[in-house]
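Undergrad: One line per chain: the protein sequences are A and B, in this order.
Take the first sequence: its position 98, counting from 1, is numbered 97 in numbering that gives the first Met the number 0, and each next residue is one higher.
Take the second sequence: its position 30, counting from 1, is numbered 29 in numbering that gives the first Met the number 0, and each next residue is one higher.
Mixed in with the good hints there might be a few duds.
[Claimed, not checked] Partial pick of chain A residues on the chain B-facing surface, computed with a CB cut under 8 Å:
1. Leu127
2. Gly320
3. Phe372
[To be verified] The calculated label-pair distances, taken between Cβ atoms and stated as ranges, are:
4. Tyr22(B) to Phe17(A): 54 to 62 Å
5. Thr72(A) to Leu44(B): 43 to 51 Å
6. Ala14(B) to Lys537(A): 32 to 40 Å
7. Tyr22(B) to Leu43(A): 28 to 36 Å
8. Gly261(B) to Trp58(A): 35 to 43 Å
9. Gln175(B) to Leu43(A): 44 to 52 Å
10. Ser82(B) to Leu203(A): 41 to 49 Å
These are calculated hints, taken from the structure and not from any lab test.
The beta-carbon is built from N, C-alpha and C at its ideal position, and this holds for glycine as well.
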Amino acid sequence: MAHPAPAPVAEAHAPQAFIWRYVFSKDHKVIGIQYYLTAMVMALIAGLLAMLIRLQIAWPEKSWPALTRLLPTGFTDGVMNPEFYAMLFTMHGTIMVFFVLSTAPVSGFGNLLIPLQAGARDMAFPFLNGLSYWTFLVGCVVILTSFFVGAGAAAAGWTSYPPLSALKGTVPGSQTGQTFWIVGMVFFIASFTMGGLNFATTILNLRTKGLSMMRMPLTMWSMLLVAVLGLLSFPALTAASLMLIFDRHFGTSFFLPAGLAVSGAALVGPDGSPLHQGGTPLLWQHLFWFLGHPEVYILMLPALGFTSDIIATFCRKPIFGYRTMVGALLAIATLSFVVWGHHMFVSGMSPYLAMAFAVFTMLIAVPSAVKVFNWLATLWRSRIRYTTAMLWALGVVSLFISGGLSGIFLGQSAVDIHLTDTYFVVAHFHLIMAGAALFGVFGATAYWFPKMFGRMMNETLGKLHFWLTFVAYYSTFFPMHYIGVSGHMRRLYDPYQYEFLKGFQPINQFITISAFVLGTSQLVFFVNFFWSAFRGKKASENPWDANGLEWTTPSPPPHGNWPGPIPEVHRWPYDYSVPEAPADHVLQTDPAPIGERAH
Amino acid sequence: MTKLQGLLFGLATVALVVLATFYFTKTWLPPLLSDRGDIDRAFGLTLAVTGVVFILTNLLLAYCGWRYQDHEGARAAYWHESSRLEWTWTTITAVVMFYFAFKALGLWAQVTSPAPADAFVVEVTAQQFAWNVRYPGPDGIFGRTDVRLVDPTALNFIGLDKSDPGAADDVTMQNQLYLPEGRPVRVRLRSLDVIHSFFLPNFRVKQDAVPGMTTETWFVPRKAGDSEIACAEHCGANHFRMRGFLHVVAPGDLETRIKEAGQ
């Protein structure tokens with residue numbers, strides 16, 4: 000059950016030089032913050048890309064002379080180029096999915112929280128941890144540089160389906176930009192693999208005395224599963240990326256069949272033999288989604304963990320059905336490996352294969368629903384403290400319901416025929432995957448800010464930010480369901496070329512204005528974040544009266560995490576409102592034989 | 000402040016439920032022109048069931064958020080387990096999801112079943128950014144194609160080998176597709192360059208056209224009239240321009256219309 004406490008750390012003092020302490024740090028808390036801040040910069044860029052996308056969809060015929068001066072390669076005489084539009088949605092998706100919403104919750108909060116919640120002095124491999132951040136940063140630089148090389152950034156969609164991503168003549172972004180995309184992704188995957196090894200090893204081996212697996216906070220459970228998902232699924236994309244590099248540059252044919260003609264010219268050699276033969280574009284889709292589907296759970300599981308922990312704390316009530324919550328996380332993580340084909344129902348894949356994917360997809364709704372019911376049962380007869388963190392957690396529950404239910408439409412393969420590649424899908428994943436992950440990160444930020452900077456975030460600004468974001472988020476993404484059902488396709492530079500889409504311009508304009516409000520509202524967060532980090536109220540050790548180990552050390556925790564010996568654990572972190580207890584919460588380190596200990 | 004937040008959360012959630020439900024009662028599906036009404040019915044049933052779940056869970060969420068706010072002297076219930084409750088809602092969800100999965104399999108088998116032998120056959124070859132339609136002609140045979148024969152200046156977009164006897168009566172045209180009303184239609188899909196997706200919004204038909212493969216879909220056009228063919232898979236910078244026109248005509252007029260439009 001319990002593991003022996005790790006050996007005392009030899010290096011008890013943090014390095015004193017600024018560069019070793021804050022730049023090339025091996026301290027998990029500094030590395031977590033580095034990841035977080037980098038993700039924030041990437042989010043800002045990817046968010047601005049989204050604003051340009053929305054501008055174009057709402058008013059494709061309008062001219063914006065100011066933008067031509069700002070982005071001379073993207074606009075001609077004030078009008079956006081279609082090539083640039085394809086780069087925008089490709090890079091928005093890529094950056095948001097990998098460099099923001101995988102990075103901030105997993106690499107950011109995972110690093111910050113795992114040793115603190117496990118009762119460890121640091122991660123199992125501190126050097127590897129530092130290396131993973133710098134590898135990630137190289138990936139970020141490569142991805143951002145791609146906008147400035149050759150004909151611009153990758154433009155084949157974040158899914159990079161070949162032949163579009165493989166044949167340079169099919170879209171300008173598939174020249175140098177796509178190569179940079181692949182190289183940037185390989186750096187990202189290398190970094191994520193180092194992180195995953197660290198996460199899994201630390202959680203499995205460095206837990207303090209008394210902290211059995213079934214006493215871990217759900218955040219820690221989600222981090223363990225995310226690490227495993229990453230380690231098992233990302234290699235498929237690494238392999239696929241290298242194969243794509245070979246198809247692009249060295250004349251192989253993993254993804255390319257014979258019989259290709261681009262712009263009216265056959266792809267054949269001087270002797271008339273095909274340049275490529277024997278490959279299939281579907282292979283890429285299988286490899287990509289073998290990663291891609293677990294990946295969406297890599298984004299979401301941490302948010303589900305944060306939400307569970309935040310809800311318990313501010314409901315002053317144990318999380319309902321802890322065991323089933325763990326079981327549901329395990330079930331979701333396992334099923335996430337056998338549903339990838341639901342992205343491919345109309346791809347030309349065998350319809351028999353589609354049947355299996357459809358059934359597994361419908362099954363994944365069961366553990367997901369269980370999570371929602373357990374959260375609702377936790378709220379039942381609770382005593383809610385409405386902090387900013389709690390509002391975000393409730394927001395996650397709301398988005399998880401809205402976005403989860405639309406998955407039941409898409410999982411039914413025949414219904415998916417009409418809905419796939421439309422805005423219904425865009426609505427679905429922005430609510431459940433992007434939205435839940437984003438709201439989870441905001442909640443975690445408000446909740447664990449004291450452990451990041453030793454200060455409290457401003458609650459008034461925090462609540463203002465929540466309400467603006469909550470309303471604008473739903474106004475932006477919910478109406479997309481309706482136009483999606485109407486058949487409105489994704490990734491259209493000018494939807495109104497189609498007669499059947501002409502009537503949707505007003506809805507698109509409403510969505511765009513909502514998106515602008517959503518984007519602008521994030522300024523409140525940035526102001527609050529940086530103001531509070533330097534000028535916020537000093538935080539006590541345990542400002543929320545919570546139970547986890549991270550709340551038994553000063554805010555921020557010192558190098559080595561606890562000034563004295565590492566605490567021992569005697570119970571789960573959810574003993575709130577225990578009838579026999581004098582206070583309404585019992586710390587995990589409290590040996591009193593009440594609450595969970597009494598069982 | 001605390002009271003206000005709970006009230007706001009409750010009201011915002013109720014507002015979401017009211018607005019979302021109101022707009023979903025409107026008709027969003029484009030008018031149906033094919034025999035795939037079962038897809039619309041499956042959509043409707045799913046909408047009804049998920050709608051009820053959406054309303055109930057959100058109302059419960061709003062109620063809890065408003066009702067159980069912290070106040071002086073209150074203490075939360077130390078209640079965190081109930082096997083009966085958990086088994087109940089897990090079982091109910093599982094039963095509903097199995098029902099949907101079962102229904103979905105039946106419908107999928109129906110939609111992806113082989114086309115009837117007497118179906119009207121047409122081939123659509125996608126390219127950046129056009130749909131090349133080909134009819135086999137009276138012999139019912141699609142002539143040989145070879146990508147080396149592709150010659151846009153001669154309007155030979157798909158590389159039809161005119162020396163092949165089967166190709167002699169083939170009729171080709173771009174972005175215009177004529178289909179008979181009331182007869183099963185089998186569409187063979189191919190692509191010359193990248194992946195495209197043949198999308199008929201009014202027919203609940205969508206099937207990718209993949210280079211190196213021939214994919215197929217079949218359906219029965221139910222109403223004579225014109226509608227649009229859309230590309231649903233991002234296929235390059237001008238993806239948004241890859242628009243075609245579908246004309247469903249009386250079976251008796253089909254041959255004449257094809258002959259008029261053919262190249």
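Undergrad: Give me the numbers of the hints this structure contradicts, sorted from smallest to largest.
TA: 1 and 10
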